[in-house]
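Participant: Model the full assembly from the supplied sequences, consistent with the hints where possible.
If you read the sequence shown in UniProt numbering, its first letter stands for residue 1, the second for the next number, and so on.
These are computed hints drawn from the structure, not numbers from a lab. Hints may be right or wrong, so weigh each one.
[As the list claims (entries may be wrong)] Distance ranges between label pairs, derived from CB positions:
no.	residue 1	residue 2	range
1	62	88	53 to 59 Å
2	206	24	44 to 50 Å
3	113	215	22 to 28 Å
4	205	60	55 to 61 Å
5	157	212	33 to 39 Å
6	53	101	25 to 31 Å
7	59	206	53 to 59 Å
8	34	215	45 to 51 Å
9	101	24	36 to 42 Å
[Stated by the list, open to error] Okay, derived cross-link-like pairs now, BS3-like style, lysine-lysine, Cα gap no bigger than 25 Å in a straight line:
no.	residue 1	residue 2
10	86	101
11	91	197
12	66	101
13	76	99
Using N, Cα and C, we set each Cβ at its ideal position, and we do this for glycine too.
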Amino acid sequence: MSSPDPEQTYLDISVDLVPNEPAEIEQPCVACGNAGLLRLLIVPDMFFPDSLISTFTCRVCPFRNKQMDEMNQSNKGVRISCYLDKPEDLKRYLIIPSKAKVSFESGLDGVTYTHQEDSVSTVESLIRSIFEKLLSISTLPESRLTKEELLELEEYSGVATFLQDSMDNLNMTLSIDDPKGVARVMPIGANMQRSTKSVPLDYYRDGIVEIEEYDLEPENSGENKTAEDLVEETSHESTSPE
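Facilitator: What follows is the structure, given as structure tokens:
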């Protein structure tokens, strides 16, 4: 069968998408030209960008495709800095997306890394998770590691000592550089059942936390895509043969 006319394949799609309610759209398949079904679902998130899950299935040929896209990506990043020195600061919640650069520093000591996945955790939980990864164990031991045990970590011994001491005597600066613009350090006692979306930055500036937006370079900026933008892209991409 001959390939379908592109003017007929790349149709303009108009559909109202409601979070958590799947929608189905008839779409032609460019692999064979027959009718296919495009299923769309918006998965909302309280803290991170909502996701659009799209699945295309041709009714005739074996062609299938599934993808997930982030919606409403920001064209601004955020930089956060806060000095933590009180025991209650360990209980502050952190919202950190993947690819954010995170650092804990105190004087000449510290650790800097790139966050690998979206996470919501407390300061204490994050420090523990970094420590556990350094030790290559699943759970931090109840007792402190001895000086000899720390030295066995060789090049990581300095970082491990810094992190262990920080959990007993908090005295560090936490910095986050997030090009997605969604990272947050929450006020102590913040209600984590409340979405951070549309909350003004002044809410987080509690005298400890400093947070500022910055413009992204064009190649790093998101396109602030809406559901309609992603639906149109999905209709084009999901019906293209691999």
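Participant: Next, verify each hint and record whether it holds.
Facilitator: Here's how the hints hold up against the structure:
1. 62 - 88: 53 to 59 Å: Since residue 62 and residue 88 have Cβ atoms about 58 Å apart, the given range 53 to 59 Å holds.
2. 206 - 24: 44 to 50 Å: The hint (44 to 50 Å, Cβ to Cβ) holds, given that residue 206 and residue 24 are roughly 46 Å apart.
3. 113 - 215: 22 to 28 Å: At roughly 25 Å between Cβ atoms, residue 215 and residue 113 fall inside 22 to 28 Å, so the hint holds.
4. 205 - 60: 55 to 61 Å: For residue 205 and residue 60 the Cβ distance comes to about 58 Å; the hint holds.
5. 157 - 212: 33 to 39 Å: 35 Å, holds
6. 53 - 101: 25 to 31 Å: 28 Å, holds
7. 59 - 206: 53 to 59 Å: Holds, since residue 59 and residue 206 (Cβ atoms, about 56 Å apart) stay within the stated range.
8. 34 - 215: 45 to 51 Å: Check passed, 46 Å falls within 45 to 51 Å.
9. 101 - 24: 36 to 42 Å: 41 Å, holds
10. 86 - 101: 23 Å, holds
11. 91 - 197: 21 Å, holds
12. 66 - 101: 30 Å, violated
13. 76 - 99: Distance of about 14 Å is within 25 Å: holds.
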